[in-house]
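Sequences and hints are given; from them, build the entire structure.
Respectively, the protein sequence lines represent chains B and H.
Letter by letter, the first sequence follows residues 1 to 266 in the working numbering.
Letter by letter, the second sequence follows residues 1 to 413 in the working numbering.
Hints may be right or wrong, so weigh each one.
A few chain B residues that don't get close to chain H, going by computed Cβ distances all over 12 Å [claimed, not checked]:
no.	residue
1	K12
2	V30
3	P64
4	N149
5	R180
Quick list of in silico lysine-lysine cross-link-like pairs, BS3-like style, CA-CA up to 30 Å [unchecked claim]:
no.	chain 1	residue 1	chain 2	residue 2
6	B	K215	B	K259
7	H	K42	H	K261
8	H	K42	B	K41
9	H	K84	H	K249
10	H	K248	H	K327
11	B	K58	B	K21
12	H	K304	B	K58
13	B	K21	B	K47
14	B	K263	H	K11
15	H	K261	H	K248
16	B	K259	B	K12
17	B	K12	B	K217
18	B	K47	B	K63
19	H	K11	H	K244
20	B	K63	H	K261
21	H	K84	B	K42
22	H	K327	H	K249
23	B	K47	H	K304
24	H	K42	B	K47
Simulated from the structure, these hints should not be mistaken for lab results.
Keep in mind it's a predicted model, so treat the numbers as computed, not measured.
All residues carry an ideal CB built from backbone N, CA and C; glycine is no exception.
Here is what each chain is made of, one letter per residue.
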Amino acid sequence: MKKGHEHKNPKKYGMVIDLDKCTGCGACMVACMAENNVPFKKDESNKLDSITWLRVYKLTNNKPYPDTEICYLPRPCMHCEGSHGHSPCVSVCPATATDYSTETGIVSQIYTRCFGCRYCMAACPYHARYFNWWDPVWPTGMEQMLSPNVSPRMRGVVEKCSFCYHRYQLAMEKAYFEEREDLEEDEYQTACTEACPAGAIVFGDLNNKGHAVYKLKSDPRAFRLLERLGTNPKVYYLSSREWVRRQGDNYLEHEETGKARQKVHH
Amino acid sequence: MDSALIPNGVKRCSFWQFYLFIGAVGVVLLWGVLAMLLIWLKGLNQTNMNDAYGFALWIWADLAVIALGGGAFFTGFLKYIVGKDELKNIINYAVLIGFICYSSALLILAIDIGQPLRGWFIFWHANVHSMLTEVAFCLSCYFAVLTIEYIPLILENRQLDKVPFFHNLSHNMHEVMAVFAATGAFLSFFHQGSLGGVAGVLFGRPFAYREAFFIWPTTFFLFTWSAAACGPCFTIMLTRLIEKVTGKKLVKQNVIDLLAKIAGWMLLTYIIAKTIDTLYWANVTVPELGQTLAEFYSDNALYKMYFLFLEIGLFGFVPALILVTKKGRNNGFLLISAVILAVLGASLNRWVMVLQVMAVPVLPFESWNLYFPSWQEVATTILPVAYGVILVALSYRYLPVFPQEKALNPIDG
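Okay, structure coming up:
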């Protein structure tokens, strides 16, 4: 949302997830947890109070056997752009603890500024934001295994997927040292992208014609979640199955999948 | 024992009877304080809120008490700005109720946030785009105004009034009260509206989202309107309650009648506007987002279509039509029924705009989220009620809250 500093080549980092390839193995979730020091409890059976920045949903076509089909859908933060950075969560945070970067298109979360009002969680239709109901408790010795690049969060603040922003910072530091302003595609990749054994997750700059995501986002199979709300998410999904694409948004009975008009908020 | 503190010319119950009552309510208060301390010390894990239900019982209570506390600003507006002088006989009580409601709202917010020690960040790092920022600023300022409005009443206590400084201060504050009433009305218009905006701007939640009128979502105006309509109804309801408890007539019927009539017309116009807004939202906004009205009221155990009919019909049009007719206002039973229904209407509206918003699924592959509060949540929600009862009781006993009490209840000899 910040104005004032214009960037020469503004990037718009985003993701394309091929649901035809996703096997639902959960490697992306595990990689994300480890990479970002995501806290966990002894009992993680209640998914409504445990933290999973990247959650894999199991979708079904609701048909009886033998026509039953399932699809796994990994859901990170959508890093919504909304209209000119007016994403659902950024615009509501009363303490500017979450921000839309015009440099990268990444929606940040400033843990030390968040005071835990949870308005952003109410605003996010994807349930991508999580509250720290407890202080993190790591199993003995695990503190030594935490990533030094990501600060652990305390009780009472909201957290979410950052597109592994610390990796972007590290890559940019190296680039500056080498007197470059731009990154190569493989220099900045998220942990989940690297962990996916099926290669279902592709990450890159949606504005950069040289990056794979640039082409993939225009694939005829491509869709985004809840597009018509006007959230303008930066995570695209690919599926050759119509019933999967239809579950990506709300449609009236007579409406054709993917043909609905997108709402624009000013 | 405390007779020197009791206003002249009025009768109060015995010291022991009074403090036995305060003690009983105090037990409930302590239960709430215990829950509050548990939450502050152990965190929000003491509640049954979760990641799908980030806003829950407290936020509803917060919005409801602010709406019902709206009687203070609207009665003040009518008395000092519009010039309805008869309302001077109920304004003290309206201010007292407003003070209780707003101090409770601030307390609830302090309990509700995950990092209470960082509460000041909302002012320091204010995001001017956020409705909650506007709420925080206006709410705090208006609470200050209510405190200023309440202080002269405290200074009118028999013993304090003997001190020349307090006597003069109280007198001078009364003289300039119109300025504060105007400030209060201005601030209230914005924070009541912003609270409506909190839900209305959620464009990721079709159930809450309302199209913008100028730059504000329609809920901005509807919340202010309903607070101005139902706040005075709450004041009347509590006046009747205190009259029942004390066994005395405390406010003349013409005062109640005037306030009820104005509240009735506000309620009638509000509920017509609300109906139009609901029709537009259901027939234009929601289908544009790919959903139907029926989806918001089906496939779950609690939220059915009757919620809509209750809010608009039984708690909206019915009390409004009673209050706008002279016959309705003059009939004791109908009047009290109408104000209770109106209070329920405002409370149900706030419930729907907080709790149902969280419950309705948005992603097609998700299902409804229903939640039941923990005892700590219930206790901290009851805490302000107990605090309110105690403050009303103390104020009634020691302060001249009702100027007509003496005339209406002469003491023999």
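Where does the structure disagree with the numbered hints, that is, which hint numbers, in rising order? Violated hints: 7, 14, 20 and 21; rest satisfied.
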